[in-house]
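Colleague: In case you want the letters, here they are:
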Amino acid sequence: MSTQKTLFDKVWDSHVVHQIQNGPDVLFIDRHMIHEVTSPVAFLGLKNRGIGVLYNQRTFATADHNTPTINQHLPVEDPLSANQLKALEENSKEHGISYWGLGHSKNGIVHVVGPEYGITQPGATIVCGDSHTSTHGAFGAIAFGIGTSEVEMVLATQCIMQPKPKRMRININGKLGVGVTPKDVALFIISRLTTSGATGYFVEYAGEIFRNMSMEGRMTVCNLSIEMGARGGMIAPDEKTFDYIKEREFTPKGAAWDKAMAYWSTLYTDEDAIFDKELNFDGSLIEPMITYGTNPGMGMGISNDIPKASALQGGVATYEKSLKYMDFQEGESVKGKPIDFVFLGSCTNGRIEDFRAFSSIVKGRKKAENVTAWLVPGSHKVEAAIREEGILDILTEAGFELREPGCSACLAMNEDKIPPGKLAVSTSNRNFEGRQGPGSRTILASPLVAAAAAVTGKVTDPRELMEIQMA
Amino acid sequence: MAYDKFNILTSTGVPLPIENVDTDQIIPARFLKATERKGFGDNLFRDWRYHQDDSPKTDFVLNNPKYKGKILVGGKNFGSGSSREHAAWAVYDYGFRCVVSSFFADIFRNNCLNIGVLPVQVSADFLQKIFAAIEEDPQTELVVDLHKQLITLTTTGESESFDINDYKKNNMLNGFDDIDYLLNIKNDIEAFAKNTPL
Ligand code: SF4
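Protein sequences, first through last, are from chains B and F. So the first sequence is numbered by our numbering: it starts at 1 and just counts up by one. So the second sequence is numbered by our numbering: it starts at 1 and just counts up by one.
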C-alpha cells in the first residue's frame, strides 16, 4: 500500500483517538461551534446524565438561525425564538462557553464568524450542528455538520464517532468566464453529481480554478459540498489561506504561529496519493448558473432550457412533482421570468465579496419596483465593511435597504419568509419545497445573478448588464 | 440518552415513493423552535400533510387510514439536506422505528442510528418490490431482523440482507449510546487532548 496520503487522510488520521474494529473511529474535535437551534436538547442531555462540558474553551456559541434581521436592539417578539435564544445564553454562561449573542459586536452566522475571528484554522477538526459546517474546509480543515446527539457527545467528550468517509477529488482547471463566480462553480458541480453523487465521500477541490479563488470564494464552494451529499469538502491551505488568518483573534501568535505554520505547510495531498473517486471538469465551460427545481442538483447554465423529463434516467415522477411545484414547464427557458423576491445573504453568499459583486451590478441602476429585496450581511463585521467600503451608499442610491446579520430567509425560521407562490432569486443554498417559507419558490444563483434580477425584475443573465457597463 | 432496544420488528409499512425526500419536508424549519425533544411527530411532513389552514391533505399517505405501521418506506436519497436531528426525532415521535430506502443521506442516517431508529438500505429492486407489495395489499408485513441483518417481505418470503457496522448493531441491540462508550475511554481522550493545543 502506498504511504502517500491525501490532505484529508493527513488531517483525519492525526485526530483519531481510538479505532473500533468494524465500527467508527473516535475522532478528536479541535473546535466546536454551537447555535440556538440544535444545542438546547444537547445541554438537556448533559444535565440528565449529570455531567458537564469537558473542554469549554473549545466550544463557541453564536445566535443566528432564529434571530430577527431588523430591530435587533428590541426584545425578540416570537416567544419560542426568544426562549431558544435565552437557552443558548444561559447554557453558555453555565458552562463557561464564549457566547456571541444578539447585539454582540462579533455576532453573525456561525460559518461566517468562525473564519472571521480565526476560530477556523488549517488542519483542524471542526464540527457544528449545521450541515454547512463544510464551509470551514476552505482553510484545509476537516469540518462537517452533526446532529444534536453528536453535539452532546462533543460537549461531553470533545470527540465524535464516525466511520471514515471515502475520498473524492474534484479537479477543475481552465479559466472562469466573465460573470462566473465560485457559486456558479459549485452549482455546476452539484448539477453534474446530483444531490447524492458525493454521499459517503469527503471531497478535496483541486486545480487552477480553486487556487485562483479568494478565500471567500473557497468558502462558498466548500459550503455547498453538503448539497451533493458529501460529508464535507476541503482545499489545501496556501499563502492566501495563511494571509487571511494571520493576526485574527483566535489564531496563534509569535512562536506558536511559526510552529503552526510548520505543520500547516505539510497539509497537501501527496503526489501519488490515491482517491476512491476522481472527477475532472473544464472551468471555461461553466456559465452563470440557476436552479429550476426543488433541490440544488436541478441546476443549469442560465442560457439553457429546463431539461425534458424524457432525458432522465428514472425518477420521472419526482421530477415532474418538482417542476409542478415551481410552476415551470420542461423545455422552457427560465430567463426572462418575472420574480418577486431577491435574497442576498446566508453562509453561502453573505460575505463582503458577495456584497461587492452585488453592488457592482446595481451601481447606477434602480431596484425594480416588483421586487422585494432582502440584503442580509453574514455578520456585523461584514456589515461594517459594507459601510466602510461605500457599498451601502451604492445600495441606498439604487433603492435597497440593508438588514441586520443572521441566517434570515436561508431557512426562514424568523420573520423573513417568502410568501406562498412567490418566486425568489436567492444566493443561499437550498431550494427545497418551502425552505424559504411555506409554498415559496426558490431559484438559487450567484450574487451577480441576484443583482441582475433585482434591477430588472426578472431572471436575467448578469453578463448582459456587465456588457452595458463595459461599453 | 439511552433508547429502546431493537431486535426484530414485524410491521406493516407506510409507503412514500418519492426521491430526495429532504429534511425540510420531514420537518420544516419553523417547527425547530423547541428547547426540548417533544411533540415533533405532530409536524412530521407538515407541509405535505396539511394545507396552510391546517386541514389535512387527504391524498397524503399519512392521512390515509389504509396505511399504518412502524416502518416508513421512502424513495432513493432519503433524508438529504440539513443536519437537524429533529427530522429523526419527528420520524421516531410519530411512531416509526425503522426507515427503509435504497439510499440514505449520511447525516440523517447517523442521526437515526443515534436515537434508535434503524435505517435499512435495500437494493433499488427490492425497494420496488416492497412498494408494489404494499400497494397491492397495505396489510403486507415486513420483518426487520437486526440480529440477522435481514429484511423480509412476508407475502412472498423474499428477503435481502442489509449492512450495519458491528459497533452500531451492538448499540441498537442493547440500547447503548455513543456517549456511554466515550465516557469509558475518557482517559485516552484526556491524554490526546494534552498533546493537541487549542
Ligand atoms: S445561513 Fe442557512 S445554511 Fe447557513 S448556517 Fe444559517 S441556516 Fe444554515
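None of these hints come from the bench; they were simulated from the model. We put the beta carbon where it would ideally sit given N, CA and C, even for glycine. A portion of the hints provided could be inaccurate.
[What the hints assert, rightly or not] Covered by chain F, according to a simulated footprint, are these stretches of chain B (three or more residues, beta-carbon under 8 Å): (1) 20-29; (2) 52-58; (3) 204-213; (4) 265-278; (5) 313-326.
[Stated by the list, open to error] Not the full set, but computed from the structure, chain B residues with beta-carbon under 7 Å of chain F: (6) Ser149; (7) Met153; (8) Asn173; (9) Gly174; (10) Lys175; (11) Gly197; (12) Gln329; (13) Thr396; (14) Gly399; (15) Phe432.
Colleague: For every hint, state whether the structure bears it out.
Modeller: Each hint, compared with the structure:
1. 20-29: holds (count 7)
2. 52-58: Held - the region 52-58 of chain B has 4 residues with a Cβ nearer than 8 Å to chain F, which meets the minimum of three.
3. 204-213: violated (count 0)
4. 265-278: This one is violated; 0 residues, fewer than the three required, reach chain F with a Cβ under 8 Å.
5. 313-326: holds (count 4)
6. Ser149: 4 Å, holds
7. Met153: 5 Å, holds
8. Asn173: For asparagine 173(B), the interface hint is violated, since the closest Cβ of chain F sits about 29 Å away, which is over 7 Å.
9. Gly174: Not OK, violated: glycine 174(B) not within 7 Å of chain F, min 30 Å.
10. Lys175: Violated, because the Cβ-Cβ distance from lysine 175(B) to chain F comes to roughly 32 Å (cut-off 7 Å).
11. Gly197: 10 Å, violated
12. Gln329: 20 Å, violated
13. Thr396: For threonine 396(B), the interface hint is violated, since the closest Cβ of chain F sits about 31 Å away, which is over 7 Å.
14. Gly399: 30 Å, violated
15. Phe432: 4 Å, holds
In summary, the numbered hints that this structure violates are 3, 4, 8, 9, 10, 11, 12, 13, 14.
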